[in-house]
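One-letter residues, chain by chain:
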Amino acid sequence: MIDIDYIQEIWDTLHKRRVRTFFTTFGVAWGMTILVVLLGCGLGVERAMRSTWGETSTNAAYFYGRNASLPYKGLEKGRSVHLKTNDMTAIKSRFRDIEYISPSFWNDANIVIRGDKSKENVPINGLSTDFYQISPCLLLEGRTINEIDVAQNRKVCMIGEQIKNGLFGAEKAEGALIWIDGVAYTVIAVMEKSTDVNIFGDPEQMIFIPYTTFADIYNKGDIVDCIALSANKNANILDLETEIKDFLKERAIVSPDDKQGIISDTTKEYFDTVNNLFKGTRILIWVIGLGTLLAGMVCITNIMLISVRERTQEIGIRRALGATPFSVVRQILWESILMSLLAGVGGIVVGLGVSAVLEDIFTSIEGSDTVQLKGIYIPFKLAVIIFIILETGGLIAGLLPAYRAAQIKTIDALRDE
Amino acid sequence: MSVIELKNIHKTYNVGAPLHVLKGINLTINEGEFVSVMGASGSGKSTLLNIIGMLDNYDEGEYLLDGELIKDLSETKSAKLRNQKIGFVFQFYNLLNFKNAMENVALPLYYRGIRRKQRNDIALEYLDKMGIKAIAEHLPNEMSGGQKQRVAIARALIAKPKIILADEPTGALDSQTSKEVMQLLREVNRTEGVTMIIVTHDPNVAAQTDRLIKIQDGIIGDN
Numbered sequence: 070m071i072d073i074d075y076i077q078e079i080w081d082t083l084h085k086r087r088v089r090t091f092f093t094t095f096g097v098a099w100g101m102t103i104l105v106v107l108l109g110c111g112l113g114v115e116r117a118m119r120s121t122w123g124e125t126s127t128n129a130a131y132f133y134g135r136n137a138s139l140p141y142k143g144l145e146k147g148r149s150v151h152l153k154t155n156d157m158t159a160i161k162s163r164f165r166d167i168e169y170i171s172p173s174f175w176n177d178a179n180i181v182i183r184g185d186k187s188k189e190n191v192p193i194n195g196l197s198t199d200f201y202q203i204s205p206c207l208l209l210e211g212r213t214i215n216e217i218d219v220a221q222n223r224k225v226c227m228i229g230e231q232i233k234n235g236l237f238g239a240e241k242a243e244g245a246l247i248w249i250d251g252v253a254y255t256v257i258a259v260m261e262k263s264t265d266v267n268i269f270g271d272p273e274q275m276i277f278i279p280y281t282t283f284a285d286i287y288n289k290g291d292i293v294d295c296i297a298l299s300a301n302k303n304a305n306i307l308d309l310e311t312e313i314k315d316f317l318k319e320r321a322i323v324s325p326d327d328k329q330g331i332i333s334d335t336t337k338e339y340f341d342t343v344n345n346l347f348k349g350t351r352i353l354i355w356v357i358g359l360g361t362l363l364a365g366m367v368c369i370t371n372i373m374l375i376s377v378r379e380r381t382q383e384i385g386i387r388r389a390l391g392a393t394p395f396s397v398v399r400q401i402l403w404e405s406i407l408m409s410l411l412a413g414v415g416g417i418v419v420g421l422g423v424s425a426v427l428e429d430i431f432t433s434i435e436g437s438d439t440v441q442l443k444g445i446y447i448p449f450k451l452a453v454i455i456f457i458i459l460e461t462g463g464l465i466a467g468l469l470p471a472y473r474a475a476q477i478k479t480i481d482a483l484r485d486e
Numbered sequence: 018m019s020v021i022e023l024k025n026i027h028k029t030y031n032v033g034a035p036l037h038v039l040k041g042i043n044l045t046i047n048e049g050e051f052v053s054v055m056g057a058s059g060s061g062k063s064t065l066l067n068i069i070g071m072l073d074n075y076d077e078g079e080y081l082l083d084g085e086l087i088k089d090l091s092e093t094k095s096a097k098l099r100n101q102k103i104g105f106v107f108q109f110y111n112l113l114n115f116k117n118a119m120e121n122v123a124l125p126l127y128y129r130g131i132r133r134k135q136r137n138d139i140a141l142e143y144l145d146k147m148g149i150k151a152i153a154e155h156l157p158n159e160m161s162g163g164q165k166q167r168v169a170i171a172r173a174l175i176a177k178p179k180i181i182l183a184d185e186p187t188g189a190l191d192s193q194t195s196k197e198v199m200q201l202l203r204e205v206n207r208t209e210g211v212t213m214i215i216v217t218h219d220p221n222v223a224a225q226t227d228r229l230i231k232i233q234d235g236i237i238g239d240n
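Residue numbers (the working numbering), protein chains in the order written: chain A, 70 to 486; chain B, 18 to 240.
Okay, chain A solo, but in the shape it has when bound:
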């Protein structure tokens, strides 16, 4: 089917009408450029957004005890519902899909002192070793809380970068002692956030200590403020969330119908919302892009129809010299395909060029919060898909003109002087 000699014949025909070919092709190439640039920008925003998510588990859920809204088993409504440390072990042994689980105790430390420097009202969290897997941060110094810290109720703390800057300035903080509400702790780490999605709060402004230590110092006993957990990738966290909540309600003697007693949330909902937003944006881009391409296609059909009309005599001559109707159809279709091929290559190349320029412009606007783009480009696979769509479109665009051309009768065509 694909024959160099044949393609050359088609190319000659297009080349001899280069002005028309150029403008027809331009229409499609323009649509192509727009599609490529729009998709690139859309993906750029998406990439920028995803990069701020970092390693945060997209399959995490967290549970809090609140006040019961329904009386249940002789217990009155309005009572406080508490989650306990042993709920964690129960959850973990009951639900096999749970990979990591951590309690979270929280409080605001009244004052944190180091030498002559101090900071007031600092949020402080008590966590288990698993917290780092559920909502990671970056360590600028030191190590995370480990099993021994938890088991021995050690007075160690991980401090946020902003706290460290306030108390230590440029000095090294790891190994130093600080006083939190009158208790001395050894700094084991300085943290920086790795993502904008932080389940336990912004680590840069917080202090993390082992939950066992927290429970001791702030007299929490076994009552935790929150249980955070993450499930393995294949688990459906939304189903798990419901099951675990029911399980917790049973353990805390809360009515299964009570919507207030124990509340929960998942990161999946957040990520899903954002993902849907991206999906919506993508659909919009495809609609606009394909719409523009469609306009280009109609342009090809239109020009080809005019072309066939104009070339009635040419087609008549070709038929007289031995062109079969099929070869006439083939010629028109190939002209159309070749035009969209040119348009496709041109459009994609120009589109990528424009994307590169745009990226330069956006990245040169430094510190801008409004422009969040990371890499305006489309992946190769997507380019191939677009290309295939375009070529199919080119083929379809040529169908009607080709049909018209095949209908031309030689005698009528040659009479057309």
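Among the clues, some could well be false.
Think about it this way: if two alpha-carbon atoms lie no more than 16 Å apart in a straight line, the pair counts; the simulated EDC-like pairs of lysine to aspartate or glutamate are [as the list claims (entries may be wrong)]:
#1 A:K161 <-> A:D326
#2 A:K146 <-> A:D326
#3 B:K134 <-> A:E168
#4 A:K224 <-> A:E240
#5 A:K153 <-> A:D291
#6 B:K116 <-> A:E78
#7 B:K150 <-> B:D138
#8 A:K314 <-> A:D166
#9 A:K478 <-> B:D73
#10 B:K134 <-> A:E78
#11 A:K85 <-> B:E92
#12 A:K478 <-> B:D138
#13 B:K179 <-> B:E92
#14 B:K179 <-> B:E209
#15 A:K328 <-> A:D341
#16 B:K134 <-> A:D74
#17 B:K196 <-> B:E185
#18 B:K116 <-> A:D81
Treat the hints as calculated values from the structure; they're not laboratory data.
Place chain B on chain A using the hints.
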């Protein structure tokens, strides 16, 4: 040996009222003949030419081309036969104006699936035979009428047809050029042995052929 045999050919056009154009044509043309067809406008000579050239169908009768019955052929089949058996020369040349002389001449070979290089070489050979190799690269609008008709004749010849159908080949040419073109056709007829059928209005042209076929009201008149 007859190359064209028409037996009782009838053709009616249905344009509003039926128009009976050919009313029983009986005609035999032998291989290598040099004939002319004359007739007034509306006599049916163009229709006859179209039927011989397989550009049109007939309603009744039999048409044998080179011993093969030509009846109700598909478009594809007739296109192939045209390419093999018949060369056309038209009054207004009918060259493709975006192709140069060589490419125009080579076109029938393109439809025969011959490679570009080879068919262009053959085309040059034929342009040389017509004495116009020098204008091989010229586009039709850079040629004189006589040159265009020579290109057209070369194109008609290149596929080595049995028959050349020339429809008013000198109709658009001055008398001097007409004479040259007629001489060329005669020479082609003699050297290549191609059967030549020339449709004309011009008695001078008809006089230069070996046989005159007159058509009147859809039948062959007395020769």
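Consistency of the hints with the structure:
1. A:K161 <-> A:D326: violated (24 Å)
2. A:K146 <-> A:D326: holds (13 Å)
3. B:K134 <-> A:E168: violated (72 Å)
4. A:K224 <-> A:E240: violated (21 Å)
5. A:K153 <-> A:D291: holds (5 Å)
6. B:K116 <-> A:E78: Holds. K116 of chain B to E78 of chain A sits at ~11 Å (cutoff 16 Å).
7. B:K150 <-> B:D138: Since the Cα atoms of K150 of chain B and D138 of chain B sit roughly 11 Å apart, the hinted pair holds (cutoff 16 Å).
8. A:K314 <-> A:D166: holds (15 Å)
9. A:K478 <-> B:D73: holds (9 Å)
10. B:K134 <-> A:E78: holds (12 Å)
11. A:K85 <-> B:E92: violated (28 Å)
12. A:K478 <-> B:D138: With a Cα-Cα distance of about 31 Å, the restraint between K478 of chain A and D138 of chain B is violated, given a limit of 16 Å.
13. B:K179 <-> B:E92: violated (20 Å)
14. B:K179 <-> B:E209: This hinted pair holds, its Cα atoms lying about 10 Å apart.
15. A:K328 <-> A:D341: violated (23 Å)
16. B:K134 <-> A:D74: Between K134 of chain B and D74 of chain A the Cα gap is close to 9 Å, so the pair holds against 16 Å.
17. B:K196 <-> B:E185: holds (13 Å)
18. B:K116 <-> A:D81: holds (9 Å)
Hint violations for this structure: numbers 1, 3, 4, 11, 12, 13 and 15, all remaining hints satisfied.
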